[in-house]
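There are 2 protein chains.
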Amino acid sequence: MITTLEQTNEQIAAAHNAYEQAREISPQLRASWLAEVATALETHADELVALGQQETHLDEGRLRFELRRSVFQLRLFMDEIVHGEHLDATIDHADPTWGMGPRPDIRRFSVPLGVVGVFGASNFPFAFSVMGGDSASALAAGCAVVHKIHEGHLRLAIRTGAVVQEALEKAGAPAGLFSTIIGRQAAELLVDHPLVKAVGFTGSTAGGRALFDRASRRPVPIPFYGELGSINPVFVTEQAWSARREQILTGYAASFTMGMGQFCTKPGLLFAPINDADDIADTLRRELDTKQASPLLSPKLREGFDKALDAVRSTPGVDVLVPGDESEAPRPTVLVTTADEVRERPEILEQEMFGPATLVIRYSPGTDLAELAGLLHGQLTATVHAESGEDLARLLSVLRERSGRLLWNAWPTGVTVTYAQQHGGPYPATTATTTSVGTAAIGRFMRPVAYDSFPASQLPEPLRDDNPWRIRRRVDGIWESAAAGMENA
Amino acid sequence: MITTLEQTNEQIAAAHNAYEQAREISPQLRASWLAEVATALETHADELVALGQQETHLDEGRLRFELRRSVFQLRLFMDEIVHGEHLDATIDHADPTWGMGPRPDIRRFSVPLGVVGVFGASNFPFAFSVMGGDSASALAAGCAVVHKIHEGHLRLAIRTGAVVQEALEKAGAPAGLFSTIIGRQAAELLVDHPLVKAVGFTGSTAGGRALFDRASRRPVPIPFYGELGSINPVFVTEQAWSARREQILTGYAASFTMGMGQFCTKPGLLFAPINDADDIADTLRRELDTKQASPLLSPKLREGFDKALDAVRSTPGVDVLVPGDESEAPRPTVLVTTADEVRERPEILEQEMFGPATLVIRYSPGTDLAELAGLLHGQLTATVHAESGEDLARLLSVLRERSGRLLWNAWPTGVTVTYAQQHGGPYPATTATTTSVGTAAIGRFMRPVAYDSFPASQLPEPLRDDNPWRIRRRVDGIWESAAAGMENA
Numbered sequence: 004m005i006t007t008l009e010q011t012n013e014q015i016a017a018a019h020n021a022y023e024q025a026r027e028i029s030p031q032l033r034a035s036w037l038a039e040v041a042t043a044l045e046t047h048a049d050e051l052v053a054l055g056q057q058e059t060h061l062d063e064g065r066l067r068f069e070l071r072r073s074v075f076q077l078r079l080f081m082d083e084i085v086h087g088e089h090l091d092a093t094i095d096h097a098d099p100t101w102g103m104g105p106r107p108d109i110r111r112f113s114v115p116l117g118v119v120g121v122f123g124a125s126n127f128p129f130a131f132s133v134m135g136g137d138s139a140s141a142l143a144a145g146c147a148v149v150h151k152i153h154e155g156h157l158r159l160a161i162r163t164g165a166v167v168q169e170a171l172e173k174a175g176a177p178a179g180l181f182s183t184i185i186g187r188q189a190a191e192l193l194v195d196h197p198l199v200k201a202v203g204f205t206g207s208t209a210g211g212r213a214l215f216d217r218a219s220r221r222p223v224p225i226p227f228y229g230e231l232g233s234i235n236p237v238f239v240t241e242q243a244w245s246a247r248r249e250q251i252l253t254g255y256a257a258s259f260t261m262g263m264g265q266f267c268t269k270p271g272l273l274f275a276p277i278n279d280a281d282d283i284a285d286t287l288r289r290e291l292d293t294k295q296a297s298p299l300l301s302p303k304l305r306e307g308f309d310k311a312l313d314a315v316r317s318t319p320g321v322d323v324l325v326p327g328d329e330s331e332a333p334r335p336t337v338l339v340t341t342a343d344e345v346r347e348r349p350e351i352l353e354q355e356m357f358g359p360a361t362l363v364i365r366y367s368p369g370t371d372l373a374e375l376a377g378l379l380h381g382q383l384t385a386t387v388h389a390e391s392g393e394d395l396a397r398l399l400s401v402l403r404e405r406s407g408r409l410l411w412n413a414w415p416t417g418v419t420v421t422y423a424q425q426h427g428g429p430y431p432a433t434t435a436t437t438t439s440v441g442t443a444a445i446g447r448f449m450r451p452v453a454y455d456s457f458p459a460s461q462l463p464e465p466l467r468d469d470n471p472w473r474i475r476r477r478v479d480g481i482w483e484s485a486a487a488g489m490e491n492a
Numbered sequence: 004m005i006t007t008l009e010q011t012n013e014q015i016a017a018a019h020n021a022y023e024q025a026r027e028i029s030p031q032l033r034a035s036w037l038a039e040v041a042t043a044l045e046t047h048a049d050e051l052v053a054l055g056q057q058e059t060h061l062d063e064g065r066l067r068f069e070l071r072r073s074v075f076q077l078r079l080f081m082d083e084i085v086h087g088e089h090l091d092a093t094i095d096h097a098d099p100t101w102g103m104g105p106r107p108d109i110r111r112f113s114v115p116l117g118v119v120g121v122f123g124a125s126n127f128p129f130a131f132s133v134m135g136g137d138s139a140s141a142l143a144a145g146c147a148v149v150h151k152i153h154e155g156h157l158r159l160a161i162r163t164g165a166v167v168q169e170a171l172e173k174a175g176a177p178a179g180l181f182s183t184i185i186g187r188q189a190a191e192l193l194v195d196h197p198l199v200k201a202v203g204f205t206g207s208t209a210g211g212r213a214l215f216d217r218a219s220r221r222p223v224p225i226p227f228y229g230e231l232g233s234i235n236p237v238f239v240t241e242q243a244w245s246a247r248r249e250q251i252l253t254g255y256a257a258s259f260t261m262g263m264g265q266f267c268t269k270p271g272l273l274f275a276p277i278n279d280a281d282d283i284a285d286t287l288r289r290e291l292d293t294k295q296a297s298p299l300l301s302p303k304l305r306e307g308f309d310k311a312l313d314a315v316r317s318t319p320g321v322d323v324l325v326p327g328d329e330s331e332a333p334r335p336t337v338l339v340t341t342a343d344e345v346r347e348r349p350e351i352l353e354q355e356m357f358g359p360a361t362l363v364i365r366y367s368p369g370t371d372l373a374e375l376a377g378l379l380h381g382q383l384t385a386t387v388h389a390e391s392g393e394d395l396a397r398l399l400s401v402l403r404e405r406s407g408r409l410l411w412n413a414w415p416t417g418v419t420v421t422y423a424q425q426h427g428g429p430y431p432a433t434t435a436t437t438t439s440v441g442t443a444a445i446g447r448f449m450r451p452v453a454y455d456s457f458p459a460s461q462l463p464e465p466l467r468d469d470n471p472w473r474i475r476r477r478v479d480g481i482w483e484s485a486a487a488g489m490e491n492a
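For the record, the sequence lines run as chains A and B. For what it's worth, the numbering used here labels the leading residue of the first sequence as 4, then goes sequentially. For what it's worth, the numbering used here labels the leading residue of the second sequence as 4, then goes sequentially.
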């Protein structure tokens, strides 16, 4: 089952060949390939979802939603590339009066990087796996993809890979444009191989950092788009707490247990002005009792969760507010500590418990929340529950400095795929300043190239004055209006 | 003169404070600060240019042009940020019918990274130095800058730094927003300091790689935007050679000796269908005789040039076509070899001779230029001299893969500051997929942040429905047309 180094080399070489054949095709043609993949995933939905249920303990509804999301994502990206948003085409005509001296005719657009290595995540067998966000954005960018399968859903991943390959073949894409590999050795070769030009990764901080280091140490370093860890703090103001404490606790209980707490956006910290912790225990217990428990995604992940939970639980000053249990499908755990304890041991704020556990931090009335927030490291998300008239400028500034998505009276789990989405944040949340979700993710796998003083006949399509691809462009500093009419997907 | 570690720490802390005070101001206010800097550079032009002449062996005309370029660049960037191009503001209103399930209201724009360390280059005392492209783009992005002075023009850099600081103070910018440091220890601290969030660098491949490694090894790695080395190959087709050989040789001689060959875009390789090398020696000699020689920028640089020239000259199969000399102001050297020799020893194509020397590579009629180009590593530029009707699709594809700017019947020296410019290319040309010249350089020092489900009253200006900053935005997938009318600077 493990992919040998020889096979991996062959797949990467084939991917590079496919990339070379496909790098200059029109966005319309590329979109037709993505369309075929989207259709194939829909056609095989029953089979794939059934495989997912067998391998992951995730229920059918969740898996169907993830698959639907992946299909939607492909279609949104199709629309995006047909409009040429990812090309960032910019034309500066020659200008003898240019302020620093005559400028030549110079035109720029973005081209795909080449072969991209994508590492699947354990926790989203569709959305962050074989044909998840990284693969979809790399293919949309015009790259070829070699996908490292996560062994937590091995059979599903192999089958999904086959469905994708079949669809691409049917669509007429060059062989090798997409393939999958299995095993650690193959994965390391994927990061090291000179023909691999970028890596997309979703996984643990330790594993991600090791691969980031590997990518950076190469003779020719490559960008490593890693989404690693995040604790996703939630701050509840005193006003919000007075106004709707029950509602906040209900939302919190639902969010941190969603997917058995195995979301990278799980709210792992709740800062609230709680006088007596017992006051909230009842509500939390009642809410948590309504949640269905299931086994975690893998024994390895369970082991990590138990260890992390133990570490936080045994930290001085941390108490158990709602005890979980050690059954195969563990009941959720709520721990509690105080702002004072956290100021003593801020490292507790960096302990990700990947699973159904969270830490409540009680603060006293009048506490400076901005100062508390200043103890946090980089996060994917940071949430505020407050009343709309409050002046939270300082707190929001500090949280913005530390995260990629700010939420107001909402919960961070659930990351919609849109134009404005940002899924990424300061290290260790991610290893880059980019997003791995949303249309902006496509640009990660491209780089700009300028054409200087080219005659019309030698310019690539996106840069020709007659704009044969009908894409939106910036000409002499002014963006053209949407060409064909930009409809929502 | 050397900045102590204590001083460096203080300056970085002051820069961070200044950044915190200034990160949320309007682009208009920020532009007014850049305006004051531009005016101050113009006001002090005579003094600064005179200092530059004393320290660099560069003539007055060249230095005045560089200063004019720097001033123009600041004003172009002002215009860019006032129109909000750098903010990439994107608004997705809540949509219950969104294809993957209801989406919340989600809005994104880009925020500055924080303190940026900028390393000045030796070869452009204005354009890539204290207030060069990296500093200007970092300030335009909303970052604070600590600039590492290049000791090749120490007094000029100190004085320029003082002029910039004075101007920023006069404009009302917070103290510490811009400062300069001197010395290696301070420079290393700049790359290591936790409050430094990105580095801009222009310099040698060895030095740049060492600092890239340092930035990547940090507990919290930061982006390192390094522009390192480039040989800038030029390919002359057989048709072009027949049509205008003299004109090409004249342009080549002028381009590779510009600034005594101390440009990162100097054409270091000319591939031409030369039958007998002696045929071109006369023309080159005649052209080169018209060039004024001057000493190189520094003794260290001269030493490096002599060593690199020696290494290439002593490579088997390389002959001297036009000998230079060893005087203080060295005459230019043209070396010559053949395509066959290069195929034997492709490593010769990686030898940058930073100074007035270049290598001509003779190829035989019928040679596959695309295959030859395939031997090249990453470049800032690649140039083709050809006739407009020729089919060069394969050659251009290979060159595009290996460079950031392609030129047609032009010369790579001279990098205009425009919207479409791309100054950067695959490693080792640069360590990132970005540009260090042109308006697109600003985005390097920013990162996206999304606001999810925020009430109108709590949204930052660029994301409010009433668009108080009047910037161009993408709303529900459709870009608004230019708001205030985008005029060229």
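Worth flagging that the hints you see were computed from the coordinates, not collected in a lab. Quantities reported herein were computed from a predicted structural model and do not represent experimental measurements. You may find that some hints are simply not true.
Looking from chain B toward chain A, a few residues come up when the C-beta cut is under 10 Å (computed) [claimed, not checked]:
hint, residue
1, Ser29
2, Gln31
3, Ser35
4, Ala38
5, Arg71
6, Ser219
7, Leu379
8, Glu393
9, Gly427
10, Thr434
We put the CB at the ideal spot given by N, CA and C, even for glycine.
Taking the hints in turn, this is what the structure says about them:
Evaluation of the B:Ser29 hint against chain A yields a violated restraint, the C-beta minimum of about 15 Å exceeding 10 Å. Here the hint on B:Gln31 is broken, as its CB sits about 18 Å from the closest CB of chain A, past 10 Å. For the restraint placing B:Ser35 at the interface with chain A, the shortest Cβ-Cβ distance is roughly 19 Å, beyond the 10 Å limit, so the hint is violated. Because the beta carbon of B:Ala38 sits about 14 Å from the nearest beta carbon in chain A, more than 10 Å, this interface hint is broken.
Because the smallest distance between the Cβ of B:Arg71 and any Cβ of chain A comes to about 6 Å, under 10 Å, the interface hint for this residue holds. With a cut of 10 Å, the hint placing B:Ser219 at the interface with chain A holds, because the nearest CB-to-CB distance is about 4 Å. Below 10 Å, beta-carbon pairs count as interface contacts, and B:Leu379 has none with chain A, the closest being about 13 Å; its hint is therefore violated. Interface restraint check for B:Glu393: the shortest CB-CB distance to chain A comes to about 8 Å, inside 10 Å, so the restraint holds.
Because the closest C-beta pair between B:Gly427 and chain A is about 8 Å apart, less than 10 Å, the hint holds. Here the hint on B:Thr434 is kept, as its CB sits about 7 Å from the closest CB of chain A, short of 10 Å.
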